[in-house]
Amino acid sequence: MTLLALYLLALLDGLLCGLRASMGRCAVIRKRGYYQRAAFLGVAGAQIISTLALVALLTVAATSPHRAEVREDLEGAARRMLWVFLPYAFLVLSNLALRLAPSNDIRSATSVFMLGPLTAIRPVVMIVGVFYGIYSSRLVETLLLGMFVLVLMLSLEFALNWRADRWQEREIRQII
Amino acid sequence: MQHDARTLERVKVRKQDVLDAFSRCSNAQAIRAVERLPEQRGFLDEKEIDRHLLRVHWEMQRLAEEFYHGHRVWELLRVVIASIRHAGLRETIRIVDVGCGIGYGIRWLAANVPLHDSSIELVGMDLNGTLINEANRLATLEELPCRFVQGDAFSKEHSGHIFTSTGVIHHFRGGELLRFLGRHEQPETQALFHFDFQPWLLAPVGAWFFHYLRMRTALARHDGVLSAARAHDGRTLTEAAREVLPEFASGIYGAKIWNTPAPRVFHTLIGMRRALVEEFRRQLGRRRSRLGELR
Chain Y
1 MTLLALYLLA LLDGLLCGLR ASMGRCAVIR KRGYYQRAAF LGVAGAQIIS
51 TLALVALLTV AATSPHRAEV REDLEGAARR MLWVFLPYAF LVLSNLALRL
101 APSNDIRSAT SVFMLGPLTA IRPVVMIVGV FYGIYSSRLV ETLLLGMFVL
151 VLMLSLEFAL NWRADRWQER EIRQII
Chain F
177 MQHDARTLER VKVRKQDVLD AFSRCSNAQA IRAVERLPEQ RGFLDEKEID
227 RHLLRVHWEM QRLAEEFYHG HRVWELLRVV IASIRHAGLR ETIRIVDVGC
277 GIGYGIRWLA ANVPLHDSSI ELVGMDLNGT LINEANRLAT LEELPCRFVQ
327 GDAFSKEHSG HIFTSTGVIH HFRGGELLRF LGRHEQPETQ ALFHFDFQPW
377 LLAPVGAWFF HYLRMRTALA RHDGVLSAAR AHDGRTLTEA AREVLPEFAS
427 GIYGAKIWNT PAPRVFHTLI GMRRALVEEF RRQLGRRRSR LGELR
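Order-wise, the sequence lines are chains Y and F.
FYI, this note's numbering numbers position 80 of the first sequence as 80, with every residue one higher than the one before it.
FYI, this note's numbering numbers position 112 of the second sequence as 288, with every residue one higher than the one before it.
No wet-lab data here; the hints were simulated from the structure.
The reader is advised that the hints may include incorrect statements.
What the hints assert, rightly or not - Footprint (simulated), chain F over chain Y, 3 or more residues, beta carbon under 8 Å:
1) 21–34
2) 94–108
3) 168–176
Beta carbons: idealized from backbone N, C-alpha and C, even for Gly.
The whole structure should be built from the sequences, with the hints applied where relevant.
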């Protein structure tokens, strides 16, 4: 259950990273298809990361001489990570939900006061969440796995931005 | 970028001249932004500058989308149009966006407003040919019923019933602001509304934070913050408008959020023929409280 929750949070993060990376790079008015593709790319990126993390986790679990202990330690770390990631996700989702309100002021306020700052602290939340998860772990396997997942999570937005940047450059060079 | 004031032809810009200009006002951030711009034999590379401008304007459109600027323009525009119609004008109402850039406001209206029902014509105007070409390309791509023209928005051939702009008016200061506003006095012009940053204590800090988060290019980050810092307050705008447009009633719309002391990021300078004022107030309905003194 804990792993499933982390997996779903990773997909949600990927979706939002995909959207963020695509914003400000396409100037047409009707962009539903463009954003759908961007969201799909983000989710696909998160899926790749989740798969890599799962493979690493299974490898560690299969090769460790003390499997039961590793499993218990990893579960403990994952549970602790949720204490950081779930409130953050709740804040993001509740502010996105507020954007459904029929008021331009409320919608804009969510950007200025919440979604903007929440975007700014995303890397910090990632680092704090993973470190909070692994700080009381007893096994080096859990520490290494936690660090590996953190690097993957932080690299997702970078990779999506890099790809979107290349696409934008191509577009602009076709225009001018 | 520099244009010949008469022909609107592009003039080559020496990079060192730009750096010197920013050195004189000790603007280190601007110097860093200019230093990164590509050059050819000491002159800014025109093609690369054009590409850079597109990047910056695409980013700026993102902010307009995030703050629902199209909705805000239409919220005011439809009230102004209704007031003009009530006064008896039956011909097609031409709306001119002054300094439209890549024309987000006009294209948003063209994509979202039933133009035939309102009988309006949408025109975006800018002195920059690159941005106008891009605006026309984007409009064609989506088959939007609007057009964009490079030229002087206040010339006789392009004059409109309603003039609007976004983030333009702070570029005019002192006597230039008076001249800019004074040029709205044309026989067919009924109303004007200009959206711009509202200056207040935290505006430069807020603009810095938000542009740092949302913008990717150094130029866009710097320009956004500078615009917030240079914005005119409501009093300056209304006093200038009242001085040079005596036939128009002028005021500020949407300065505060929900009648609280909290300022909106943008406020709007409104001006309209005095005969329209009463109906305009009536048409605003519950939004009437957003309107400051209109005289």
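Okay, the region 168–176 of chain Y and chain F, do three or more residues pass the C-beta test at under 8 Å? holds (count 5)
Between the region 21–34 of chain Y and chain F, see if three or more residues pass the 8 Å beta-carbon test, and mark the coverage as holds or violated. holds (count 8)
Check, residue by residue, whether the region 94–108 of chain Y contains three or more positions whose beta-carbon lies closer than 8 Å to a beta-carbon of chain F, and give the verdict. holds (count 4)
Comparing the model with each numbered hint stated earlier shows that all of them hold.
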